[in-house]
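Dock chain B against the given chain A, drawing on the hints supplied.
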Amino acid sequence: GNSVTQMEGPVTLSEEAFLTINCTYTATGYPSLFWYVQYPGEGLQLLLKATKADDKGSNKGFEATYRKETTSFHLEKGSVQVSDSAVYFCALRDVTSGTYKYIFGTGTRLKVLA
Amino acid sequence: DTEVTQTPKHLVMGMTNKKSLKCEQHMGHRAMYWYKQKAKKPPELMFVYSYEKLSINESVPSRFSPECPNSSLLNLHLHALQPEDSALYLCASSPTLITDTQYFGPGTRLTVL
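Protein chains in written order, with my numbering: chain A, 1 to 114; chain B, 115 to 227.
With the rest of the complex left out, here is chain A (with noise of 0.2 Å):
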């Protein structure tokens, strides 16, 4: 079955770091894959999306590529910022399976101080 796999978090980093959150999958078909991010007490947002390998995502300096090779889809930024504090979901859609269900990873908590 379609699964994803996210680093544990919670993540601290001090402004202008640099950030990776990892994101690995397991898919049958030729899913699309996502990252959304919740900011407190809020619902969730798109922030990059990705619908085929060796594409590249990019948004508001976050980027992801989609590796095929290595089943991963990691996320990064050169910069954080205290705004970018928030829980990040990494996500697949396999239509090309039958299913029109997000596949979510358990989500990876940020938090950047300043």
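Worth flagging that the hints you see were computed from the coordinates, not collected in a lab.
The structure presented is a predicted model; accordingly, all values stated were derived computationally and were not measured.
There may be inaccurate statements among the hints.
Cut-off 25 Å, straight-line C-alpha distance, at most; resulting in silico cross-link-like pairs (PhoX-like, lysine-lysine) [said to hold, decoys possible]:
no. : chain 1 : residue 1 : chain 2 : residue 2
1   : A       : Lys49     : B       : Lys154
2   : A       : Lys101    : B       : Lys136
3   : B       : Lys152    : A       : Lys111
4   : B       : Lys133    : B       : Lys167
5   : A       : Lys49     : B       : Lys155
6   : A       : Lys101    : B       : Lys154
A few chain A residues facing chain B, derived, Cβ under 10 Å [unchecked claim]:
no. : residue
7   : Val4
8   : Ser32
9   : Phe34
10  : Gln38
11  : Leu44
12  : Lys49
13  : Thr51
14  : Phe89
15  : Tyr102
16  : Thr106
17  : Gly107
18  : Arg109
Derived CB-CB ranges, DEER-like [to be verified]:
no. : chain 1 : residue 1 : chain 2 : residue 2 : range
19  : A       : Ser3      : B       : Thr121    : 29 to 37 Å
20  : B       : Ser169    : A       : Leu113    : 39 to 47 Å
21  : B       : Lys136    : A       : Pro40     : 20 to 28 Å
22  : A       : Asn22     : B       : Ser173    : 29 to 37 Å
23  : A       : Lys68     : B       : Pro122    : 40 to 48 Å
24  : A       : Glu16     : B       : Pro175    : 42 to 50 Å
25  : B       : Asn131    : A       : Glu16     : 46 to 54 Å
26  : A       : Asn59     : B       : Ala153    : 23 to 31 Å
27  : B       : Pro197    : A       : Glu8      : 27 to 35 Å
28  : B       : Gly128    : A       : Tyr30     : 46 to 54 Å
29  : B       : Ser169    : A       : Lys68     : 25 to 33 Å
30  : A       : Ser79     : B       : Pro175    : 44 to 52 Å
All residues carry an ideal CB built from backbone N, CA and C; glycine is no exception.
Then chain B, alone, in the frame of chain A:
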């Protein structure tokens, strides 16, 4: 208008109460979703509507009853809930069922006493 709205923002109810959650979008999306999110967990899919018809029910207890009266509106009717049903209830929409990206509302924080 590119947002999904949910009301109320917070709801406290007793186990014998009947209440409803409301979700609205005016993006012309024809697929709408209900998710349940417990603290420090990812969202779990509950129901999916496509063109106002229920497409997916993820074996949700009958004390949760969804309704899609029109293409812009999605309700979740609650009756005889249990304290373990306390959670953040998220609504989402997408242009169609096969469209990748879902747009989430801010959620309703439900507490069952």
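Outcome of the hint check:
1. Pair hint Lys49(A) plus Lys154(B) holds up; C-alpha atoms about 23 Å apart against a cutoff of 25 Å.
2. Taken as a hint, the Lys101(A) and Lys136(B) pair is honoured in the structure, with Cα atoms around 22 Å apart against an allowance of 25 Å.
3. Using a Cα cut-off of 25 Å, the hinted pair Lys152(B) and Lys111(A) holds, with the two alpha carbons roughly 20 Å apart.
4. For the proposed pair Lys133(B) and Lys167(B), the alpha carbon gap of about 22 Å is at most 25 Å, so the pair holds.
5. Pair hint Lys49(A) plus Lys155(B) holds up; C-alpha atoms about 21 Å apart against a cutoff of 25 Å.
6. Taken as a hint, the Lys101(A) and Lys154(B) pair is honoured in the structure, with Cα atoms around 20 Å apart against an allowance of 25 Å.
7. With a cut of 10 Å, the hint placing Val4(A) at the interface with chain B holds, because the nearest CB-to-CB distance is about 9 Å.
8. A distance limit of 10 Å between C-beta atoms decides the matter here; for Ser32(A) the minimum to chain B is near 5 Å, and the interface restraint holds.
9. With its C-beta approaching chain B no nearer than about 8 Å, Phe34(A) sits inside the 10 Å limit, and its interface hint holds.
10. Among the interface hints, the one on Gln38(A) holds; its C-beta lies about 9 Å from the nearest C-beta in chain B, closer than the 10 Å criterion.
11. The interface hint given for Leu44(A) holds, since its Cβ lies 4 Å from the closest Cβ of chain B, which is under the 10 Å cut-off.
12. For Lys49(A), the interface hint holds, the least distance from its beta-carbon to any beta-carbon of chain B being 6 Å, beneath 10 Å.
13. A least Cβ separation of about 7 Å between Thr51(A) and chain B falls short of the 10 Å threshold, and the interface hint therefore holds.
14. For Phe89(A), the interface hint holds, the least distance from its beta-carbon to any beta-carbon of chain B being 6 Å, beneath 10 Å.
15. At a threshold of 10 Å, the smallest CB-CB gap from Tyr102(A) to chain B is about 7 Å, leaving the interface hint in force.
16. At its closest, the beta carbon of Thr106(A) sits 6 Å from a beta carbon of chain B; the interface hint therefore holds under the 10 Å criterion.
17. Interface restraint check for Gly107(A): the shortest CB-CB distance to chain B comes to about 6 Å, inside 10 Å, so the restraint holds.
18. With a least beta-carbon distance of about 8 Å to chain B, the hint placing Arg109(A) at the interface is held under the 10 Å criterion.
19. A C-beta distance of roughly 34 Å is found between Ser3(A) and Thr121(B), which places it inside the suggested range of 29 to 37 Å.
20. Checked against the hint of 39 to 47 Å, the pair Ser169(B) and Leu113(A) passes, with Cβ atoms roughly 44 Å apart.
21. Take Lys136(B) and Pro40(A): their Cβ atoms lie about 23 Å apart, and the range 20 to 28 Å holds.
22. One distance hint, 29 to 37 Å for the beta-carbon pair Asn22(A) and Ser173(B), holds here, with the actual separation near 31 Å.
23. Lys68(A) and Pro122(B) have their C-beta atoms about 44 Å apart, which keeps the hinted 40 to 48 Å range intact.
24. Remark: the range hint 42 to 50 Å for Glu16(A) to Pro175(B) is upheld by a beta-carbon distance near 48 Å.
25. Under the hint 46 to 54 Å, the C-beta atoms of Asn131(B) and Glu16(A), about 49 Å apart, fit the expected range.
26. At about 27 Å, the CB distance of Asn59(A) to Ala153(B) agrees with the hint of 23 to 31 Å.
27. Taken as a hint, the range 27 to 35 Å holds for the pair Pro197(B) and Glu8(A), whose Cβ atoms sit roughly 28 Å apart.
28. The hint said 46 to 54 Å for the Cβ distance between Gly128(B) and Tyr30(A), and at roughly 47 Å that hint holds.
29. A hinted range of 25 to 33 Å for the beta carbons of Ser169(B) and Lys68(A) is consistent with their spacing of about 29 Å.
30. For the hinted restraint 44 to 52 Å between Ser79(A) and Pro175(B), the CB-CB distance of approximately 46 Å keeps it satisfied.
When held up to the earlier numbered hints, the structure conflicts with none and fits them all.
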